[in-house]
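**Q** Chain by chain, the residues:
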Amino acid sequence: MQTEESLKKRAEAALQKEAAYGEKFDLDEYAIAPKETKYTDNLKELDEKSQRTLLNVGVIPSGEGRGGSLVMVDNAISHSSVSDKEIELMPLHFAMQKHDWLKDYSWNLVPVDADKYTATSYLENANGYFIRAPKGVKTKLPIQTCLLMGSKDVSQTVHNIVIVEENARLDVITGCSTGSDVDKAMHLGISEMYVKKGGTLNFTMIHNWAEQIGVRPRTVIHLEEGATFINNYVTLKAVKSIQSYPTAHLTGKGAFARFNTIAVGHPGSELDLGSRVIFDAPNTKAELVSRTITTGGTVIARGEMIGNEVQSKGHLECHGLVLNNKGTQRAIPILEANVDDIELTHEAAVGRIAREQVEYLMARGLSEEEAVGMIVRGFLDVGISGIPDELQKDIDETIAQIGKSAM
Amino acid sequence: MLEVKDLTVEVGGKELLKNVNLKVEKGYTNVILGPNGAGKSALLMTLMGFSGYKIVSGQILFKGEDITHMSIDERATRGIGIMTQRPPNMTGVKLKNLVKLIAGDRDMEHTAESLDMMRFMERDINVGFSGGEIKRSELLQLAAQRPCIYLFDEPESGVDLMSIDIIGNTINNLVHGDTCPGDRKGHGKSALIITHTGQILDYIEADRAYVLCNGTIMCEGNPREMLQEIKENGYEECITCKLKKA
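Quick note, the sequences are listed as chains A and B, same order.
One gets this note's numbering by counting positions in the first sequence from 1 and adding 420 to each.
One gets this note's numbering by counting positions in the second sequence from 1 and adding 1272 to each.
Hints were generated in silico from the structure; no laboratory data involved.
Fair warning: this is a prediction, and the values are worked out from it, not measured in the lab.
There's no promise every hint is true.
As the list claims (entries may be wrong) - In the PhoX-like style, the derived pairs of lysine-lysine whose C-alpha atoms are separated by at most 20 Å in a straight line are:
#	chain 1	residue 1	chain 2	residue 2
1	B	Lys1290	B	Lys1514
2	A	Lys813	B	Lys1295
3	B	Lys1372	A	Lys813
4	B	Lys1326	B	Lys1290
5	B	Lys1290	B	Lys1503
6	A	Lys469	A	Lys813
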């Protein structure tokens, strides 16, 4: 067991440790985000602009169709409510006080000294959400959480823990966004997720940052026997830099992980998005699907599968569209097999939209812009469910803009 | 309806069509016969305006308007519809969504059922479709589009026996509908059909045939007579005949 003392030491030693990938940010340029904020009992009472901000990242202010809601502004929890009484949803700090056993889950998957971002988050005693689906409980409605950046020139530090107990099922939608007057800030987000025997976690994250925001999520998922983890990651708006490489450990027989990544790199954005699966038990499976578009930014789609146990099967698919001459797409698939009876495959393709596809639709009477829009929409559609109408509208508008920029 | 005047077309710097002249009047169904590599497909692709088909000289008139340099969608919205031989895989574009977009308010379910395409509506267009399924999907889209003139490139090729009936009858329905032969000319829709085997003529009455060899129209005449002639003597005879005339 790791003591607080030893964790602190390790974190302090890693405060200058750069991350393996992505643009280097100097955290000294950012103050620690405020730890206090106005608490809101009812998200419907927020002003219209704030409600729209929530809606645009898939968070419904009325809570309708959701099993619970938690909102974090800067480094403070501004709202937490749960209508599905079988599910535990609360601020992590509160949960740590409530459950003594939770300390065994905290900083257990993500090392405090992975890089300076994890180290800073640990030393700042980052708060976040704690969600737990008890044994056998299957949620009907997703839990929604929102991580909002409310102040400028600060770094937000977040630490989330999600636990799906045996044979339970949990759906989570997390939206991350920025207040309208925040141009420059950092978001550091630690997420540790546990899916126990036979459990299912369906996790959708929608990012909606601003042009000068740096984003460094650090996520590790631990799956036991027969567990399923589905991850949907969507980022369609401009951002300065996102670098993330969530890792799923398949530690029990028959565990399955799927990562869907949908991203658009705008001019000035660098998106370094990966997903990694480690097959540490027999008969485990994974699918990594990445669909990315650049309209002028740099998009790096990484995918890594490390096969350590027999009869495992994984497929990695990186497709990248380049819509003009200013953008860059880089696909970096890595496959590693350490046993013989294993099947890991990948397909990667980067390039522009095929002219014949555009012309095919034009021959049906669509304008060039409509044709590109339709192809882009289809390209990005990997079948994510539970997206509210407002967000879908916002996605459609973004896609229409992308269609125009491809002309 | 459609008039092609002295059309010369290059693809990749190579001349594929040379001084082609042909006409499809209102209500007429004309066919193009010709050996492989004669330029039949290139002609249809050029009429639709696809890129890569460079018009060196000549003119295309549609309903009296010069469309020689119009974009594909401008031609489509003016009433030209095409079924190409090998449409691209449209990954991510669901048949249902495209048909709905083209059809607007009209309900296409009945047509989809008659073409046995209902179970393909949620599929990505052409991805994993068989030859017959591609043709049926194209016909569904054309039915939604309702052009004034249909351009069909070998609608019977690569099609299983089960599909050929559906495809042939649908084409006849789309083009001629229930117009009686006497009324058809001057009123109904028009079509220009490329056929290699002539099999499609079992389903649709055609008015005029053109023979295209080496990028040039060799002659025109009664479709059945010409098809019979070609079946007996092959296309060499057309070329010899043309030389004699010259």
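**Q** Does each hint hold? Answer for all of them.
**A** Now the hints, each set against the structure:
1. B/Lys1290 - B/Lys1514: holds (15 Å)
2. A/Lys813 - B/Lys1295: Between A/Lys813 and B/Lys1295 the Cα gap is close to 47 Å, so the pair fails against 20 Å, i.e. violated.
3. B/Lys1372 - A/Lys813: holds (19 Å)
4. B/Lys1326 - B/Lys1290: Holds: B/Lys1326 and B/Lys1290 sit about 12 Å apart, inside 20 Å.
5. B/Lys1290 - B/Lys1503: violated (25 Å)
6. A/Lys469 - A/Lys813: holds (16 Å)
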